[in-house]
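Q: With the hints as your guide, set chain Z onto chain X.
There are 2 protein chains.
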Amino acid sequence: MESKSLELWFEFGSTYSHIAAQLIEAAAAQRGVEVRWIPFLLGPIFRSQGWNDSPFNIYPAKGAYMWRDMERECARHGIPFRRPSQFPRNGLTAARIVAAAAREAWVPAFVRGVYLANFTDDRDIASTAVLGELLEAAGCPAPAAALERAGAPEAKQRLRDHTDSAIARGIFGAPTFCVGDELFWGSDRMEQALALAAESARDGA
Amino acid sequence: MESKSLELWFEFGSTYSHIAAQLIEAAAAQRGVEVRWIPFLLGPIFRSQGWNDSPFNIYPAKGAYMWRDMERECARHGIPFRRPSQFPRNGLTAARIVAAAAREAWVPAFVRGVYLANFTDDRDIASTAVLGELLEAAGCPAPAAALERAGAPEAKQRLRDHTDSAIARGIFGAPTFCVGDELFWGSDRMEQALALAAESARDGA
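If you read the protein sequences in the order shown, they are chains X and Z.
Per the numbering used here, the first sequence starts with residue 1, numbered consecutively.
Per the numbering used here, the second sequence starts with residue 206, numbered consecutively.
Bound conformation, chain X alone:
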């Protein structure tokens, strides 16, 4: 039988990725679906569309709506949320840490921790001190080594490769769930993506 899996493509600056990151593991486990966590950067994608900032900052009505919608959606799902004093925060180092770590066991807890630091505790997720603390809290056995690896050319290249792959696959925002060639954009498409992942594995059994 084929394994059931789903890719979660996320960007640390993205608000709705916070919701997906907090919910995905429990929801996937219920359906027996394995989650692959893939960090990428929205900056290059947005710049190729002529945006030099988050669309939520460029288009004020959309931004005002998003902050209110995040409050409601997080409340509905029982996810803590507080609008941060800076948006978007620079998630480059955090993304490189995850890109370098690939599938190490502490990755999901670290990703959730980074989102909570940014979108609940209003902490600076670009700070290596903050990231070191979050790595430790997530159970990473060697936080200093994980941070060092994130600064190496291999980690930088891997993250660039992820972003290039995202563009090649037609990803234009975050979070995006990928099941085979099907894309599902936005935290509110998580259930549909999981249903397809579970079904695809059954059909392929």
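Simulated from the structure, these hints should not be mistaken for laboratory data.
Do not take every clue at face value.
[Said to hold, decoys possible] Distance windows between CB atoms, simulated:
1) Asn52/X - Glu396/Z: 29 to 39 angstroms
2) Ala347/Z - Gln30/X: 48 to 58 angstroms
3) Arg374/Z - Ala168/X: 16 to 26 angstroms
4) Lys361/Z - Ala126/X: 46 to 56 angstroms
5) Glu239/Z - Asn57/X: 32 to 42 angstroms
6) Arg273/Z - Glu154/X: 47 to 57 angstroms
7) Glu154/X - Ser332/Z: 58 to 68 angstroms
[Said to hold, decoys possible] Listed next, the stretches of chain X that the computed footprint assigns to chain Z, with coverage defined by at least 3 CB atoms under 8 angstroms from CB atoms of chain Z:
8) 50 to 62
9) 67 to 76
10) 164 to 174
Cβ coordinates follow ideal geometry from the N, Cα and C atoms, glycine included.
A: Showing chain Z alone in chain X's frame:
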């Protein structure tokens, strides 16, 4: 007891408004919520953001995703859907017909009919012949008079007023559900909007 009501702000060119239009009445009736149908134009809103076309045409990855997502979402809800040969179609006259008609009984059926004509039957909803036929099918007692009213200055001004009100309320896309001051953007927020409408009326009872 206060009446339970929700406003559906829609634009005839908008794909996801098709989903909302087809689903809203049955879903609202289940909760005892009254629907107010408010047509507006996205063109002036998009132009104020520097867009002279649908963002789904300007940003190809987003557009490709939307057409696939529409197929999936319509299939999930049992709504017929076929990608039209022209997008977006000009819904100006249709919107003026609804703006002029206000709350006449045939309005919901006419709105649904226009969306089905565009997004299922690939018909030109800018054509007065098509619109006349759709008015008749919706039970409008005097299609010719409804079309004539749509061309009068009052109808044009009413639609402009709707669009101005949409901007003033922070609406930036369609469909948008309004419950008091709360906005819910996108067909996938319909249930949350209906739940709030039902709850607000209970609290105000």
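Q: If a hint holds in the structure, say so; if it doesn't, say that too.
A: Tested hints:
Hint check: Asn52/X to Glu396/Z, Cβ distance near 36 angstroms, so the stated range 29 to 39 angstroms holds. Ala347/Z and Gln30/X have their C-beta atoms about 55 angstroms apart, which keeps the hinted 48 to 58 angstroms range intact. Separation of Arg374/Z from Ala168/X is about 39 angstroms and departs from the stated range, judged on CB atoms against 16 to 26 angstroms. About 52 angstroms separates the C-beta atoms of Lys361/Z and Ala126/X, a value consistent with the hinted range of 46 to 56 angstroms.
Between Glu239/Z and Asn57/X, the C-beta spacing of about 37 angstroms keeps the proposed range 32 to 42 angstroms intact. Range check, Arg273/Z to Glu154/X: about 34 angstroms between beta-carbon atoms, so the 47 to 57 angstroms window is missed. Take Glu154/X and Ser332/Z: their Cβ atoms lie about 60 angstroms apart, and the range 58 to 68 angstroms holds. Residues of the segment 50 to 62 of chain X with a Cβ under 8 angstroms from some Cβ of chain Z number 3, which satisfies the need for three, so the listed coverage holds.
Chain Z is given as covering the segment 67 to 76 of chain X, and this holds because 4 residues of the stretch bring a CB closer than 8 angstroms to a CB of that chain, at least three being needed. For the segment 164 to 174 of chain X, the stated coverage by chain Z is satisfied: 5 residues place a CB nearer than 8 angstroms to a CB of that chain, which reaches the threshold of 3.
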